[in-house]
Each structure stands twice: as structure tokens, then as C-alpha cells.
Amino acid sequence: NAGVTQTPKFRVLKTGQSMTLLCAQDMNHEYMYWYRQDPGMGLRLIHYSVGEGTTAKGEVPDGYNVSRLKKQNFLLGLESAAPSQTSVYFCATVGGASLHFGNGTRLTVT
Amino acid sequence: GIQVEQSPPDLILQEGANSTLRCNFSDSVNNLQWFHQNPWGQLINLFYIPSGTKQNGRLSATTVATERYSLLYISSSQTTDSGVYFCAAGNNNDMRFGAGTRLTVKP
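From first to last, the protein sequence lines are chains P and A.
Counting in this note's numbering, the first sequence runs from 1 upward without gaps.
Counting in this note's numbering, the second sequence runs from 1001 upward without gaps.
Heads up, a few of these hints could be off.
To be verified - If we take Cβ atoms under 8 Å as the criterion, some of the chain P residues that face chain A in the derived model are: (1) M19; (2) G40; (3) M41; (4) G42; (5) F90; (6) S98.
Stated by the list, open to error - A few chain A residues that don't get close to chain P, going by computed Cβ distances all over 12 Å: (7) V1064; (8) T1066; (9) E1067.
Derived from the structure by calculation, the hints contain no laboratory data.
For glycine and all other residues, C-beta sits at the position ideal for the given N, C-alpha and C.
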């Protein structure tokens, strides 16, 4: 039982490149979330999903897209990366009203 | 959206000391959680506590929903308690995080 798994763990992109972050969960949870964490700040919600085939915008959605084609996977895409998207990205699910986080992806955009 | 403020921003303790961390939120919520982010960056859920009091070993938490605040108590602190403690408040679709309290426990 791995819980919430994020890949990759680290990535360096050049400005304008694209990439997809993968979040996989084996807990059969309906709700999934993508957050970003910047130094000195708490986590901010980018996008979330309340079930397979659904997505919705969170607090800071600009520059990101998401998809939830399968219940166990939630993908976060950056179509044209910008230095302002340098951050640590966390995926989470909700089980019993509690958030369960993956270990994060550290993304640097140069 | 809901505003979440945590205090103090930084706290340095000697091992064995007790501490209280505070979380204020700006509106009614149906979900409040406390997390510990360890020095490796992992986020561990400590409590789901939209109201009332809970205890787990040396940690306990109290939320007074009518007054819009929550407290996290750490007793007999250990060096392994070091890290950043976050409060998150809101509902399942929109949980807002505070900026955290950075706790350093010295041996």
C-alpha cells in the first residue's frame, strides 16, 4: 500500500518547456488535489478533482492544466513553464475528511 | 477565500519544554487540520479537528469553532518534533493553509 505517489521527485525545466507531473493513489479516494508550496508560505491549491472525469480550479490555477481520466491518477500539466512556477508541488487525497499528501515534486524553471 | 493566520512564525525550544501553537481563521469552516512538515519535506497529518479536543500521545489540539481559532499543544518536546507546523481550514474543496510555525527543538 503505497498511499500517494508522485513522479518525478525532481525536475529542472527551461522557460517555455512543458511537462506533466503524475500523482497516483491506491486508496480508492474520490477527491484529489494539487498544491504548490513556496518558501515562507503555506500550500496553495492549484486544481482539484472530486471524482473520475472531473476537475475544478483552485486558488492559483493560471498556467496549469489537469486531467483525471482514471480515478487513481491525477495529472498536472505545465504547457509553457515560467520561472514563477519554480516551486514544490504536492498531490493529496482526502480519506475520512483528512488530507493525505505525497512526498512532493521539486520543480525548478530556469 | 478563508484567511488563515498562524502564530508564532518561529519558535525555539529546549528539549523537554512545552509549547502552544495558534491558528486563527476568518470564517466558519467544516474542516480544520494540523500538519507537521518534517525536515525532509514530508507532510504528516496530525489531527482532523473541526471542533473539540483530541489527543495523540504528547500532542493535543483544541478547536473553538465559534471563536474561529485552533490550538496545537506539544508537551515534553523532542528534537524529532522540529519542523514546520501547518494549520489548514476550510471545506473539502477549498482548504486554505496558514504560513506555518517553524519549530526548532534544541537538545
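So, going through the hints one by one against the coordinates:
no.: 1; hint: M19; in the structure: violated (20 Å)
no.: 2; hint: G40; in the structure: holds (7 Å)
no.: 3; hint: M41; in the structure: holds (6 Å)
no.: 4; hint: G42; in the structure: holds (3 Å)
no.: 5; hint: F90; in the structure: holds (7 Å)
no.: 6; hint: S98; in the structure: holds (4 Å)
no.: 7; hint: V1064; in the structure: holds (19 Å)
no.: 8; hint: T1066; in the structure: holds (20 Å)
no.: 9; hint: E1067; in the structure: holds (21 Å)
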